[in-house]
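Visitor: Chain residues, written in single-letter form:
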Amino acid sequence: MKNISLAHGGGGEEMNELLDGIFKIFNNDILNAANDAAILGNIAFSTDSFVLNPIFLDDEINIGKLCVCGSINDILMVGAKPKYLSLAFILEEGFKIKKLNKILQSIQKECFKAGVLVVCGDTKVVPKGKGDEIYINTTALGEIIAKKETKNIKAGLSVLVSGDIGRHGASVLIKRNQLEADIKSDCKILNKEVLELLENNVKVIAMRDATRGGLSAVLNEWAKQSGNDFLIFEEKIIIQDEVLGLCELFGYEAYELANEGTFVLCVEKEDEQKALEILRKYNKNANIIGEVLKEKASRVILQNSFGAKRFLEVPKGELLPRIC
Amino acid sequence: MNLIDEFRDKQSILALKKLIEKEIKNPINIMEICGGHTHSIMKYALPSILPKEINFIHGPGCPVCVMPRNRIDIAIKLASMKDNIFCTLGDLLRVPGSDFSLIDLRAKGADIRALYSPLEILEIAKENPNKNIIFFAIGFETTTPMSALLLEKVIELNLKNIFFHINHITVPAPIEAIMDDENVQINAFLGPSHVSVITGFEIYKPIAAKHKTPIAVSGFEPVDIMESILNIVRQSNKGTFEVYNQYKRAVSKKGNIKAQNLVAKYFEPCDFEFRGLGVIKNGGLKLREEFGDFDASKQFDCMVLSKNENKACICGKILRGLAKPYDCKVFAKACTPRNPIGSCMVSSEGACAAYYRYSKVNV
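Sequences listed follow chains A and W, in order.
Just so you know, we're using my numbering here: the first sequence kicks off at 6 and counts up by one.
Just so you know, we're using my numbering here: the second sequence kicks off at 23 and counts up by one.
Do not rely on the hints blindly, as some may be mistaken.
Said to hold, decoys possible - The list that follows gives simulated cross-link-like pairs (lysine to any residue, SDA-like), each with its CA atoms no further than 25 angstroms apart:
1) Lys-130/W <-> Leu-23/A
2) Lys-274/A <-> Lys-299/A
3) Lys-355/W <-> Leu-11/A
4) Lys-86/A <-> Leu-45/A
5) Lys-7/A <-> Asn-361/W
6) Lys-65/W <-> Ile-242/A
7) Lys-39/W <-> Phe-242/W
8) Lys-156/A <-> Glu-296/A
9) Lys-99/W <-> Ser-10/A
10) Lys-355/W <-> Ala-302/A
11) Lys-104/A <-> Val-56/A
12) Lys-88/A <-> Lys-101/A
13) Lys-130/W <-> Ser-54/A
It should be emphasised that the hints constitute simulated quantities derived from the structure, not laboratory data.
From just these sequences and the hints, can you work out the full model?
Guide: Here you go:
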């Protein structure tokens with residue numbers, strides 16, 4: 006690795022190499038826990054930067070909504086209630102105030118829904134051509150209600166996903182390539198379903214929102230961290246027909262496409278139905294998709310409907326469309 | 023039920039599996055010409071449910087895999103030139119040239135773009151009137167009509183800053199070349215259906231007859247492939263060698279005549295060097311003489327000196343069906359999708375990439 010490539014931002018193997026390689030100089034127990042948010046006593050703390058091209062996906066979803074959902078969901082994933090948010094903007098010279106206003110209104114709306122206050126911020130402007138319209142960095146703080154840590158993943162747990170997968174990544178591709186398809190990003194704050202799971206004492210062991218690298222990245226990270234194999238039943242994973250069609254067209258795996266309002270959970274087997282009932286109140290496509298096996302080989306095994314098995318690999322490289 | 027579900031249906035797959043098991047009498051080596059089939063076969067783990075008598079052999083049908091290093095080096099040279107915007111399709115960007123890949127060059131600041139459709143070039147050219155837009159065209163019969171259509175539009179719109187480097191190749195020529203190799207032991211072929219959508223399924227008739235091999239023009243879904251295998255098994259039992267059109271939902275006898283005419287208007291056959299197979303007579307296409315003004319190979323200095331391929335890499339043997347990816351010493355060790363030595367590991371259609379991705383260890 007001599008230079009940074011686009012693949013280093015993809016949430017897959019290259020990014021892991023970056024984190025396990027040069028970023029390891031920051032080595033400490035809190036960072037090494039590799040949860041979606043750092044756990045500092047009863048405080049959850051998370052930061053994220055957002056780049057999106059195009060910055061408006063539709064009337065409702067834009068980089069503003071995305072930056073709030075991304076950070077708040079990270080806080081929720083460690084079993085905390087999000088409370089405060091910081092916002093830092095890097096704006097490109099010439100960026101329209103009207104667009105900025107629309108983005109800020111989306112931010113305000115999502116923060117209001119989540120009961121989160123924007124408490125500090127920063128704005129920088131770079132010369133025309135030195136940025137991509139707008140970059141946003143957010144940092145979120147929350148209060149731990151029932152701590153969830155990925156280090157507690159063990160054999161026998163059920164694996165659930167809170168909805169159908171791949172819609173955010175697919176909606177960006179559709180918009181970017183000016184295609185027409187009925188695909189709407191899943192971008193949303195997950196506060197209601199997560200807090201309901203926590204308040205009902207459902208035995209959730211770990212949670213992670215399946216953003217860059219998608220479902221495949223989350224499962225592979227968990228398999229690596231726990232050392233356990235994961236057995237996933239392909240037919241239990243729900244993918245919208247249009248998303249599947251787009252994947253067929255471009256040669257992508259829906260499992261690797263980003264989600265922005267879908268999370269993966271490891272739950273004690275005895276509570277899997279209870280968890281599913283709650284999740285389905287918010288998304289009918291939530292499902293129990295597999296289990297954590299005893300075998301310690303860190304593999305994600307995907308079993309298809311007719312019983313054949315293959316590995317679900319860690320996403321690699323930059324997504325490029327196939328040739329034919 | 024939709025068009026995808028129907029062709030991934032569990033009951034249909036299991037019923038076809040039973041029939042194949044019941045009817046198979048002799049071992050059959052089936053070459054899947056197209057890398058897309060290799061990926062489907064591995065993705066759905068079909069070898070794990072089929073009888074051991076069915077042996078899949080990967081063929082030369084991946085346009086990236088068969089592109090010789092010299093042409094990658096030419097692409098890199100064109101992309102390096104000042105004032106050029108280099109455009110191509112998909113994962114050609116990852117293939118290593120003699121020193122580096124197009125993706126490495128892009129990281130150094132070259133304007134290199136991966137297209138979803140060649141027609142995107144029209145917009146790029148309009149937005150960049152002071153730049154030369156180079157379209158490095160690649161692919162089999164499936165993608166050639168799109169290149170021809172782009173050229174037609176370029177002429178219609180009188181755009182002067184778009185140039186074509188043509189690397190289009192044809193399917194029947196390398197198949198003939200493989201079958202003429204006496205070491206090759208192939209009993210049947212899976213023919214790529216998307217190619218036949220353009221060409222019609224009859225293009226394979228001479229190969230099936232000359233080499234006495236059944237050919238099933240097959241779709242890419244598991245039900246399609248299983249049905250094609252059943253047909254091959256039946257033909258093998260009967261001793262027939264016909265071209266079976268499994269993909270009736272889109273493939274006709276004569277294909278898409280309009281697309282064929284468009285291709286013939288702008289391109290003519292030429293000899294083409296296939297990686298691992300050598301120069302194949304009439305294996306590729308080039309721009310017709312009268313369109314020389316649009317020909318990047320004539321308008322730019324495309325002379326390059328390429329280094330030899332890595333000796334450890336056996337992509338050539340794999341493409342001829344004489345070895346499996348596992349037989350290669352560097353497979354999944356020095357050669358991985360992230361650090362490919364050979365293009366079979368690079369391309370999303372490549373055999374090594376398929377074997378690496380889906381089955382590098384037995385589950």
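Visitor: Tell me the numbers of any earlier hints that the structure contravenes, in ascending order.
Guide: The structure conflicts with hint 12 only, although it agrees with all the remaining ones.
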